[in-house]
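Engineer: The primary structure of each chain is shown beneath.
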Amino acid sequence: MTVLWNEKLIVEQLRDTAQRERAFTLLVEHFKEQLYWQIRRMVLSHDDADDVLQNTFLKAWTGLDGFRGDAQLSTWLFRIANNETINFLERRRQQMSLDEDGVASAAATLQSDPYFDGDETARQLQEAIAQLPDKQRQVFNLKYFQEMKYEDMSELLGTSVGALKASYHHAVRKIADFFQSRD
Amino acid sequence: MKEEDMFRKYDSGRNPFRTPSGYFEDFTPRLMERIKAEGQQTAAQPAPVRVTVKPVRRLMRYAAAAVIAGVCIGAGTYLYQRQLNLPSPSDAMAEYVLDEDELDDVLDYEMLDNSKIAYYLTEAY
Numbered sequence: 001m002t003v004l005w006n007e008k009l010i011v012e013q014l015r016d017t018a019q020r021e022r023a024f025t026l027l028v029e030h031f032k033e034q035l036y037w038q039i040r041r042m043v044l045s046h047d048d049a050d051d052v053l054q055n056t057f058l059k060a061w062t063g064l065d066g067f068r069g070d071a072q073l074s075t076w077l078f079r080i081a082n083n084e085t086i087n088f089l090e091r092r093r094q095q096m097s098l099d100e101d102g103v104a105s106a107a108a109t110l111q112s113d114p115y116f117d118g119d120e121t122a123r124q125l126q127e128a129i130a131q132l133p134d135k136q137r138q139v140f141n142l143k144y145f146q147e148m149k150y151e152d153m154s155e156l157l158g159t160s161v162g163a164l165k166a167s168y169h170h171a172v173r174k175i176a177d178f179f180q181s182r183d
Numbered sequence: 001m002k003e004e005d006m007f008r009k010y011d012s013g014r015n016p017f018r019t020p021s022g023y024f025e026d027f028t029p030r031l032m033e034r035i036k037a038e039g040q041q042t043a044a045q046p047a048p049v050r051v052t053v054k055p056v057r058r059l060m061r062y063a064a065a066a067v068i069a070g071v072c073i074g075a076g077t078y079l080y081q082r083q084l085n086l087p088s089p090s091d092a093m094a095e096y097v098l099d100e101d102e103l104d105d106v107l108d109y110e111m112l113d114n115s116k117i118a119y120y121l122t123e124a125y
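Chains D and B supply the protein sequences, listed in that same order. Each residue of the first sequence is one higher than the last, beginning at 1 in this note's numbering. Each residue of the second sequence is one higher than the last, beginning at 1 in this note's numbering.
If you're looking for bench data, these hints aren't it; they were derived computationally from the structure. Everything hinted at is true.
Some chain B residues well away from chain D (every beta-carbon gap over 12 Å; in silico): (1) Arg-61; (2) Ala-66; (3) Ile-68; (4) Ile-73; (5) Gly-74; (6) Glu-100; (7) Asp-105; (8) Leu-121.
Listed next, with one range per pair, are the computed distances between beta-carbon atoms: (9) Arg-173/D with Arg-30/B: 34 to 44 Å; (10) Gly-70/B with Asn-83/D: 47 to 57 Å; (11) His-170/D with Asn-15/B: 17 to 27 Å; (12) Arg-30/B with Arg-93/D: 21 to 31 Å.
All residues carry an ideal CB built from backbone N, CA and C; glycine is no exception.
Extracted from the complex, chain D is given alone in its bound form:
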């Protein structure tokens, strides 16, 4: 069954405690896949992406009273998901041993994830992306895989278009260097 998405109506219902739960269920239905893939490309493993996605919606649920409607629901949820993802990666980095870098960690994660079925070249591309700093990875994923416009990205990440272009350029350069060093 397809439910038509009416953001204004959903926002009104989210403010009404009697209708809140139903409206929130519709919100989850509408955004879960989009947010899942955004998170998954950052954390790589399915189990971690599932945890972060659940935490994202839990934060959204408990923070509903703080949503003033200045931004779109998608922007608000994207930002929560982004914060949850960055916090998760930060925690994981703190648990990593000192001699383990992003590439080794990504390789280990992909190796142990039964829900990654890319071939060797796909694995290498993910490892190349994993060496980037979190912000550059985010920008690269949004631009390269999701083909998001810089203007939209700017609103989501709160960063200027110029800085995003520079960030993407650096990311591409580093990934190209990664492959050249392996060829």
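For chain D, the structure is supplied; the task is to place chain B on it using the hints.
Structural biologist: Chain B only, in chain D's frame:
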């Protein structure tokens, strides 16, 4: 050739990530169950204990605070005034009165005899 085209060969365009079958279908009911469970858990937790203070004890606290404040202000005022009223060194010298024994000691130390004293007293010196 653009730089990203250099590694397009590593990207088949196919998403290498999968999800368990039925994951997205199950996600929403699973999440809503968790939200309900966590909400009930929060509701079941005892409310934080608020320490209520009886009116008499509250008055005693105010009185104690007032006494402490009064002592502090009084002590501060006393010390300030004392600091202002300190005599100058010359006044202290002028008010210092030697008793006879001390005077004899001074005279002995200076080896002054009565004639010298008389001489000084006549202002001839």
